[in-house]
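Residue numbers (this note's numbering), protein chains in the order written: chain Z, 1 to 663; chain C, 1 to 249.
To be clear, the hints were calculated from the coordinates, so they are not data collected in a lab. Take the hints with a grain of salt, since some may be wrong.
Unchecked claim - The calculated lysine to any residue pairs, modelled on SDA-like cross-linking and capped at a C-alpha distance of 20 Å, are: (1) Z:K23 - C:R25; (2) Z:K23 - C:L220; (3) Z:K37 - Z:L183; (4) Z:K23 - C:P70; (5) C:K214 - Z:L183; (6) Z:K23 - C:R27.
Quick caveat: nothing in here was measured; it's all calculated off a predicted structure.
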Amino acid sequence: MHTRTAGDSLFPALEPLLEQVSKPIQYVGGELNSTVKDWDCGGDVTVRWALMYPDAYEVGVPNQGSMILYEVLNERPDVLAERTYAVWPDMEALMRADAVPQFTVDAHRAVGDFDVLGISFSTELGYTNLLTALDLAGIPLHARDRRDGDTIVIAGGHAAFNPETIADFVDAAIIGDGEEAVLMVSDHIAAWKSEGMPGGRRELLLRLARTGGVYVPEFYDVTYLPDGRIQRIAPTEHGVPWRVSKHTVMDLDAWPYPKQPLVPLAESVHERMSVEIFRGCTRGCRFCQAGMITRPVRERSITGIGEMVEKGLAATGFEEVGLLSLSSADHSEIADLTKGLADRYEGTQTGLSLPSTRVDAFNIDLANELTRNGRRSGLTFAPEGGSERIRKVINKMVTEEDLITTVSAAYGAGWRNVKLYFMCGLPTETDEDVLQIAELAKRVIETGREVSGRKDIRCTVSIGGFVPKAHTPFQWVGQLSAEDTDARLEKLRNAIRADRRFGSSIGFRYHDGKPGIVEGLLSRGDRRVGAVIEQVWRDGGRFDGWSEHFSYDLWMASADTVFGASEWPIDVDWYTTRDREESEFLPWDVIDSGLDKEWLWQDWLDSLDETEVDDCRWTPCFDCGVCPQFGTEIEIGPTGKTLLPLTVLGAGKAAMAEAHTHA
Amino acid sequence: MARRTPEGPPPPLAVQKLRIRYAKRGRLRFSSTRDFARALERALRRAGVPMAFSAGFHPHPKISYANAAPTGTASEAEYFEISVTERVDPEAVRVALDEALPPDLDVLEVVQAGPGSLAERLEASVWRLEMRGVTVETLAYAVERFLEVEVAEVTRMFKTGAKTFDVRSAVVSMVATESEDASCAILQMVVRHTTPSVRPDDILTALHAVTELKPPVPPLVTRLAQGPLLTAAAGVADPLAADKEAVGS
Numbered sequence: 001m002h003t004r005t006a007g008d009s010l011f012p013a014l015e016p017l018l019e020q021v022s023k024p025i026q027y028v029g030g031e032l033n034s035t036v037k038d039w040d041c042g043g044d045v046t047v048r049w050a051l052m053y054p055d056a057y058e059v060g061v062p063n064q065g066s067m068i069l070y071e072v073l074n075e076r077p078d079v080l081a082e083r084t085y086a087v088w089p090d091m092e093a094l095m096r097a098d099a100v101p102q103f104t105v106d107a108h109r110a111v112g113d114f115d116v117l118g119i120s121f122s123t124e125l126g127y128t129n130l131l132t133a134l135d136l137a138g139i140p141l142h143a144r145d146r147r148d149g150d151t152i153v154i155a156g157g158h159a160a161f162n163p164e165t166i167a168d169f170v171d172a173a174i175i176g177d178g179e180e181a182v183l184m185v186s187d188h189i190a191a192w193k194s195e196g197m198p199g200g201r202r203e204l205l206l207r208l209a210r211t212g213g214v215y216v217p218e219f220y221d222v223t224y225l226p227d228g229r230i231q232r233i234a235p236t237e238h239g240v241p242w243r244v245s246k247h248t249v250m251d252l253d254a255w256p257y258p259k260q261p262l263v264p265l266a267e268s269v270h271e272r273m274s275v276e277i278f279r280g281c282t283r284g285c286r287f288c289q290a291g292m293i294t295r296p297v298r299e300r301s302i303t304g305i306g307e308m309v310e311k312g313l314a315a316t317g318f319e320e321v322g323l324l325s326l327s328s329a330d331h332s333e334i335a336d337l338t339k340g341l342a343d344r345y346e347g348t349q350t351g352l353s354l355p356s357t358r359v360d361a362f363n364i365d366l367a368n369e370l371t372r373n374g375r376r377s378g379l380t381f382a383p384e385g386g387s388e389r390i391r392k393v394i395n396k397m398v399t400e401e402d403l404i405t406t407v408s409a410a411y412g413a414g415w416r417n418v419k420l421y422f423m424c425g426l427p428t429e430t431d432e433d434v435l436q437i438a439e440l441a442k443r444v445i446e447t448g449r450e451v452s453g454r455k456d457i458r459c460t461v462s463i464g465g466f467v468p469k470a471h472t473p474f475q476w477v478g479q480l481s482a483e484d485t486d487a488r489l490e491k492l493r494n495a496i497r498a499d500r501r502f503g504s505s506i507g508f509r510y511h512d513g514k515p516g517i518v519e520g521l522l523s524r525g526d527r528r529v530g531a532v533i534e535q536v537w538r539d540g541g542r543f544d545g546w547s548e549h550f551s552y553d554l555w556m557a558s559a560d561t562v563f564g565a566s567e568w569p570i571d572v573d574w575y576t577t578r579d580r581e582e583s584e585f586l587p588w589d590v591i592d593s594g595l596d597k598e599w600l601w602q603d604w605l606d607s608l609d610e611t612e613v614d615d616c617r618w619t620p621c622f623d624c625g626v627c628p629q630f631g632t633e634i635e636i637g638p639t640g641k642t643l644l645p646l647t648v649l650g651a652g653k654a655a656m657a658e659a660h661t662h663a
Numbered sequence: 001m002a003r004r005t006p007e008g009p010p011p012p013l014a015v016q017k018l019r020i021r022y023a024k025r026g027r028l029r030f031s032s033t034r035d036f037a038r039a040l041e042r043a044l045r046r047a048g049v050p051m052a053f054s055a056g057f058h059p060h061p062k063i064s065y066a067n068a069a070p071t072g073t074a075s076e077a078e079y080f081e082i083s084v085t086e087r088v089d090p091e092a093v094r095v096a097l098d099e100a101l102p103p104d105l106d107v108l109e110v111v112q113a114g115p116g117s118l119a120e121r122l123e124a125s126v127w128r129l130e131m132r133g134v135t136v137e138t139l140a141y142a143v144e145r146f147l148e149v150e151v152a153e154v155t156r157m158f159k160t161g162a163k164t165f166d167v168r169s170a171v172v173s174m175v176a177t178e179s180e181d182a183s184c185a186i187l188q189m190v191v192r193h194t195t196p197s198v199r200p201d202d203i204l205t206a207l208h209a210v211t212e213l214k215p216p217v218p219p220l221v222t223r224l225a226q227g228p229l230l231t232a233a234a235g236v237a238d239p240l241a242a243d244k245e246a247v248g249s
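So here's chain Z without its partners, still in its complex pose (with noise of 0.2 Å):
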């Protein structure tokens, strides 16, 4: 490397290289709306965050959570905050050779030359890609191996929720709502910068753990049984907390971000700006990781969603814009939000979509008024159970009449296509319950082709394969196999191209269970197996999320490698397929994300007894403990606000009329 002063743009080292990659508008950055500051605008106590998602561009630049981050970061005057992704081999491959470092898109600046490197993690598949962006950064991989002056790394993000596996390679981990966390980080960093850095990266470090807001693995000691088991997890310092608190943000309202989303020259997976009308969910399906610990529900105001999307919209330009939530159509007020909106813009190009909607007629009235003079193209339901039996296990609650009368009002109202999820591989599943996917989606298109007397109606089955996740009533069973996964998808396939009347109208999109398999591993797994993942890195491991790079032998050969060579009769079955007892301690334990372990434990036991449990926001509490641990509670509407009419876009319009002296 050239001599280089912190803070300076790689760009033109990195410019030669553009013109040999693939679509290198990633790498190039100037978006709208994104920002770039002065390396010193905060004087010697600037905070500078490279902000990560750990995937490539088109599918990290519209996170949301990043998003957020980046602009909350931002605005304040004396931190500085860019963005940083995962470089395509072939960059990676022309980096290396150039000795071009892991840089940001915003102003092309090194990685390593920031205070801090804060990578969201949607999904465990990231984790290679984070070891590719140490490495190119030129931060050590082992956090134990960081000096003072190295990047500190803090991961976020669902998987976080899990720290332990990736413990070897963050020096912390955020758990919970990022918005005032990062700011609360960032004044840590501060203070310890005016103070002249007392005691280094450490001192550091301790002072954030002892916050009891963030999880310095470094700080804690795990013991294990001779059988493999953890024994337990114990803090080593002074002031640490045994548990990590999540972090929550009561107040959506106070929180209006992203008020200026970024907006991509490049393709990216969602083309719509989106704004999320609230957050957390406690319809209590007992697979689903983000609705137990995003607890408990709180909803933004109908007026505070309007002035978002007006706003956004203005920055933006984008022609669509999705109500973002985990299950949209549960707002207090949303038929007013989808009424509001749609009068608002109509006749304007501007088209809103709800993603996430359950199966209820009432979501096919909020979708034709969402679509009034759009086209009606494919409405997307997840039942996820295929038998009424595992929907209870799952509580999931859905009765086939209820989706049979909800795709029935779909169709009748002209929707031609409808999108079905499911998965496999649910707990006390047998082959019995997933053929009744067949069963169930044939029935929907005979009902679709009397309601709508059309033969060209189709239904689509889409099913993944089940991962059971930590801080779920599911934490503790067995994964299916890998195998056991694709003999019981091949038997629903045959059952549904066997059927000579409906079968030519279902389609059938699956994705084989190994992927599920390395993702089991890393989402319950422990310290102990990020040695694998480095493994998996060291051999050529990327992008585990992309199905064309991904590779089980290499996971699974690596991992036979470190496992083989441990002290405990452990492997991939051992994560992945074992069931657990409730007693064993497990690696998640050091983060309390509010919801107490004897319920999870007791919703565990109910799903077996197939009983179902209601919502709390129109049920009593069922002390999931969420809000009596952190004091919050249900923060949801009605507000009785409506949205008024608003000129909402085209007002440039009269600026730029003819002035009519024209002859």
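Since the structure of chain Z is provided, determine the placement of chain C on it from the hints.
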């Protein structure tokens, strides 16, 4: 059940067509035609340009692009046309649209379209290549050799497979000159628009084949102008001249 059709009145008719020249500069030379189209549609919405849309369930803004420069090349002369539903002041549109597009995508001229096709006027381009790490002597020698040959074939991959075509006949003129920077020579050329289109990198490939010229780093390529080919001066004319004249009359 009958097929749904959009309710309400048909979309407003276009009353005016505008022709627009823009530049693609700096790091945004790495944007592709599709990247630009996405950015433009959003900028038009943000700027509040009263765009005309096609009818149907999935209306599209009426925009037509003409002969965009390849990804990785900069340009001072890219063109597109839009149709609007209310008469607008072209200069006000230029200012608003320039403001709404990201820096380095700069709107240079907006004129009301006169009669005739814009695409047909784009007969040739003037290209400027900054050949970094090449001396002007080396380049001048290569140019001389290249201009001597009658045919220079190159092979490029297309969606339909590899195709071999002549690039020499498309080159109207080619000159090597010095640059202010001694480590760099300038190759300027006028290239006729043909099918398949001869791109600057095709010509570099041909130069390499004919003369062994191989720049150590990829050159910076800029399209300086495109328009009707001027036979005598071996340059191109302003393709919007006819439109400006029509408005002036």
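Taking the hints in turn, this is what the structure says about them:
Restraint check for Z:K23 and C:R25: satisfied, since their Cα atoms lie roughly 17 Å apart, inside the 20 Å limit. Proposed proximity of Z:K23 and C:L220 is supported: the alpha carbons are some 18 Å apart, at most 20 Å. A hinted pair counts as satisfied when its Cα atoms are at most 20 Å apart, and Z:K37 with Z:L183 qualifies at roughly 17 Å. For the proposed pair Z:K23 and C:P70, the alpha carbon gap of about 12 Å is at most 20 Å, so the pair holds.
A threshold of 20 Å between alpha carbons decides the hint, and for C:K214 with Z:L183 the separation of about 52 Å lies outside it, so the pair is violated. As the CA atoms of Z:K23 and C:R27 are separated by approximately 13 Å, the hinted pair is consistent with the 20 Å bound.
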